[in-house]
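Here are the chains, one letter per residue:
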Amino acid sequence: MSNKTPISSVNDFVVRFANVNGSGSASANELFARSVLRMGVPVSPRNIFPSNIQGLPTWYEVRITEAGHLGARGGVDLMVAMNPQTWDKDLAMIEPGGYLFYDSTKPMPSSKFRPDITVIGVPLTAICNREYTDPRQRQLFKNIMYVGALSALLDMDVKAIEQLISEQFKGKEKLFDANKNALHLGRDWALLNLECPIGLRVQRADKVGDRIFMEGNSAAALGAVYGGATVCAWYPITPSSSLADAFTSYCRRLRVDPETKKMNVAIVQGEDELASMGIVVGAAWNGARAFTATSGPGVSLMTEFLGLAYFAEIPAVLFNVQRAGPSTGMPTRTQQCDVISCAYASHGDTKHVLLFPEDPREAFEFGALSFDLADRLQTPIFVMLDLDIGMNHRLCRPLTWDDSRKYDRGKVMTAEMLDAGKEFGRYLDVDGDGIPYRTYPGTHPTKGAYFTRGTSRDRYARYTEEGAPYADNMQRLLRKFETAKDLVPRPLIANSDKPTRYGVIYYGSTAPAMDEANQALKTAGKNLDLLRVRAFPFHHTVEDFIADHDFVFVVEQNRDAQLRSLIVNECGIDPARLVPILHYDGTPITARFIAKSIGERLDALKVTPLRKVVS
Amino acid sequence: MTYIAKPKFHHPSLPKNALGYTHRDYEGKVSTLCAGCGHDSITASVIEACYELAIEPHRVAKISGIGCSSKTTDYFLNASHGFNSVHGRMPSVLTGANLANRDLIYLGVSGDGDSASIGFGQFAHSMRRGVNMTYIVENNGVYGLTKGQFSATADRGSKSKRGLTNNDNAIDMVAMALQLGATYVARAFSGDKTQLVPLIKGAIEHQGAAFIDVISPCVAFNNHAGSTKSFDYVREHNEAVNRLDFISGRAPIHVDYDPGTTQVVEQHDGSRLVLKKVSADYDANDRLGAMNFLGHHASKGQIVTGLIYVDSEPEDLHTHFNTVDKPLNALSEKELCPGSATLEKINAALR
Ligand SMILES: Cc1ncc(C[n+]2csc(CCOP(=O)(O)OP(=O)(O)O)c2C)c(N)n1
Ligand code: SF4
Ligand SMILES: [Mg+2]
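So the protein sequences, as listed, match chains R and C.
Note that the first sequence covers residues 8 to 622 in the working numbering.
Note that the second sequence covers residues 58 to 408 in the working numbering.
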C-alpha cells in the first residue's frame, strides 16, 4: 500500500490511459469520458498520439473537472497503464498519493512499482482469455472491461455507461449485449475483489448543462457547411485531415439535393497542397465559396498562390490546424507556431487576415464567418486552429444559427448593375474602403469582363509596369486591410475587479488554461486584466489595452513569441512592454505553467497590490 | 509595355456568325509577342474556332499559367474573363473554376515549360480527373519568356540557339495525355491553321478532358538549324494521321469522301466529327492503337499530328462528383445552409 496518503478527490482529478496505438482503445476511452459527462460532470479529454498507425504508444487523458477547467492540468492522479513499453515513464508521471491501474495477469516484481502510490491490479487478459476465443474480441473487450472496472473503482453510474453503449449500437442488439457483458465482467470482478470506490470518485452533478462535446475540426467543417462552402480541395495532413473528412460526411447528410439526390458541393482530394490551393483560388475567382484545410507544411506549399490571391484579390478560406514545426517537426503535437508564416504568407508585401478561435464553438462561428469575410474583403482568410482544439473533444456552448442571416457575398457587380450603367473598374476604390467591385465570369455579353493576373495593372485591370499605378494599388490594399480591422471579430477584454497595472494577451487554444490560471493568480492576490485576441489585423483596442498597462504578458504556444512580434511590428509597440510567456514542448499549455510563469515574473517585479482608488 | 487599345470600329459589312457576332468580337488585345511567334498563329486559330462555333464570347473562361504562351489569353476573346495565374498551375485553377460553374466553356492555355516541367503534376492530374476543358499547350521546346532555356519537350540531341545540346529525354505530352486518360487528344502545328481550327472546335465541343499539343516555333530562341521545333523541321517531319475537315452539330451531314477514307465520330451530345483519314488504317477511337502508333512514328523521328484519340462517351469530373446541374456558384442559402433546426439536432447528438 501507498506510504503516502492516497489522493482523495471528488470530481476533480486526471485519469490517463496508456495504450498501444491501433489496439482499439480509443472508443473505450472515449466511452469513459462521455460517461462522466453524462453524470453531469465536465471533462476535458486529450489525445496524445504518435505519428504512426499501429504499435507505438498512445495516451488519452481525461481531466474530470466539476469546476469546468477545460485546459490541460498537468500531472496524473490515476494511470491506466495498458502499455508495458511505456510502463516506467507512465509510472513516473503519477502524482504522489496517486493510483496505478494495471493488468495483473502477469505478476510484476515489486521493484516495478512506486511506494507512494496505490496499485490496483485486475487480471484483464486472464478474464478475457477465459471468456473469449477470438483474438480480436479479446483485444476489444479487454478495453471495455477496464472501463467496467474503473466504473466500480470510481463509483460511476453504470446506467450512464450502458445508455451510451446502447446509443452507440442502436439497432445492433448483439453488439450491445456483447459490450454490456464485457463492461460487467470488469465491473463485477472489481466489485468482488477490490476495495471500491478508491479515493477518487465521480459523483453526479449538474455542471454540464446544455453544452455539447465536439472536436474543433468537426465544428469548423460544420461552419463551412453553414457558411455556404461549395468547393473544398485538400491534401491529407495531420492534424487537419479530420476537418476535410468531417466536411465530407456532413455534406453527405446535409448537401444532398432532396429531389435529384445530387450534391450541392464538390470535394477534391488534390494531388498536393499547391493544387488544392489552386482549385480554391479558381473556384473562388469564379464565384464559389471555396476552402482548403491544411497544416504548416501545406501552408508553405500554398504560399505562391496565397500571394496571387492577395494581389489579384481572390476570396479564399484556409483552415490551418497548427502542429509543432518547423518542417515535419512534431506532426502529432500541438503549437501555435504558424502565426507569422500565415500573417505574411508569400513573397512581396503581403498581409493576410487571421482568425483565432478558442474552441469548437468559435471554430464553427469563425468557420462560417470566414466565407463572408473572404467575399467581403476579397482576400484569403486563415482560420487558425491547432491540434489541441482540432483533434480533441471539447465541451462548449451549443452551436447556434440565426435563420434570418444572409450570406454577405461582398461587392459583386451583376448584369443588371452593368446594364444600369454603373461604372466597373476591377480595382477601382469606389467606396473609399479599399474594396473594389468584382464580376463573376460569364456575367454580361459586353460589359464587366476583366483580366486577372498577378502582374501589376491599373484600376481597370489593364496591364502596366508603371510605378505610380503599382504603388496606388498597393496603398489601396493597405486601406482594405484597415477596413478589415472593423470587420473581423473584436478582441474580448476581461478586466480584473481590482485595478491593476498588468495585462495579459492570449489567443486560441490557450484560453481555458489562461482562465484557470487567472483564477489561481487572483486567489494569490495577483490581479490581471485579460485581452483575448481573436483576429489579425488587430483592432485598435489591442493598442489601447497595451497603452493602459505598464506591462502586458503575451502568452502563446511557440518558441519565438510570434503574436508578440506581430503586435510589435504592426502596432509599433516598444517590445520591452510585452513580456513573452512561451510554452512550446508540443503538449498543450497548462494553467499551472501560466500561473507559475506569470506569478514568478510578478514576484520579481515585487508587486504590491494597489489599494483600490476611491471612486 | 503598356496597354494598347484596338480600334473599336466595326465595319458594317463584316460577316456575322450564327449568333450575329463578327470576327472582331472574338479578338483580344494587341499581342505583345515577337513578330512571327508561333503562339500568335494559335491565337488566330482560337479566334477562328470560336467564331465558327458561334460561341458567346462571355461564356468562355480563359485560364493560363505563366510564359509567352500563357500571355496569349489576353489576345483573344476580349469579352470573356481571363486568369493569368501562376507558373505551371493553370490546371488546378481551371479545375476549381470549372467546379464553381459547370455552364461555362473552359479554355486552358499553357506552354511546354508550364505544363511539362513545373506543372507536369497538375497537367497529369487534370487529365486523369477528366476536367471538361480544352487544354492547349503551345509547345516550342524552350522557355520563351525566360529567354531560351531548354524545356522538357525538347528532343534529345536537339541544339539550343547558343549551341548547347539537350541530352535529356523529351516528354511527349500527347503520349502522356493518352496514358493519363484524356478523352480527346490531338496534335497540330501552329503554322497549319486549316488543321488546327477544326481540332480546337472539336475540343471545345468535347464534353471531357480535351488536350491539344500545338507545336509552335519560338522565332526568338528555337527556330534555328538543329532545333526540332523550328518551322522547317516541323513541316518536314509532320505526319498527319487525319484531317478533321469539319465538325458539325446535329444537322444531317453530307460526306463527299470515299467511305474508306473517312471516320465519323458521333459524340454523346449528338454532334459529329468527320475525320478525313490520311493514314488509311488509323482508328481515332483506339487508345492503345494510338499509343503504339505514336511510339512507332516517334522512333522514326516523325511528328504525328491530327486527332489522335477521341472517346465518344466521355465522362467528366462533375459526373464523378454527381454535382447538381445548377452551377455551384449560383446556389444560395436555401440550398446550402441547413438552418437552425438541423443544428439543434446536431447539438443534441453531441451531448
Ligand atoms: C515559380 C516561378 N518560377 C519561375 C518563373 C519564371 N518563368 C516565367 S515563364 C517561364 C517559362 C515559360 O516557358 P513556357 O511555359 O514553355 O512558355 P513560353 O514562354 O515558351 O511560351 C519561367 C521559368 C515564374 N514565373 N514562376
Ligand atoms: S520569345 Fe519566343 S515564345 Fe516568346 S514571344 Fe518571342 S518568339 Fe514567342
Ligand atoms: Mg515554351
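The set of hints was computed from the structure by calculation and includes no laboratory data.
It is possible that part of the hints are untrue.
What the hints assert, rightly or not - Looking from chain R toward chain C, a few residues come up when the C-beta cut is under 7 Å (computed): (1) 29; (2) 282; (3) 294; (4) 406; (5) 448.
The model shown is predicted, which means the values in this text are computed figures rather than measured ones.
Using N, Cα and C, we set each Cβ at its ideal position, and we do this for glycine too.
Restraint outcome when residue 406 of chain R is required to lie within 7 Å of chain C by C-beta distance: holds, 5 Å
Interface hint for residue 294 of chain R, Cβ within 7 Å of any Cβ on chain C: Residue 294 of chain R check passes; min Cβ-Cβ to chain C is 4 Å, inside 7 Å.
Given hint residue 29 of chain R near chain C, where the shortest CB pair must fall under 7 Å: violated, 26 Å
Interface hint for residue 448 of chain R, Cβ within 7 Å of any Cβ on chain C: It holds, given that the least Cβ distance between residue 448 of chain R and chain C is near 4 Å, below 7 Å.
Restraint check, 7 Å cut-off on beta carbons, for residue 282 of chain R near chain C: holds, 4 Å
Hint 1 alone, counting from the list given before, is not met by this structure.
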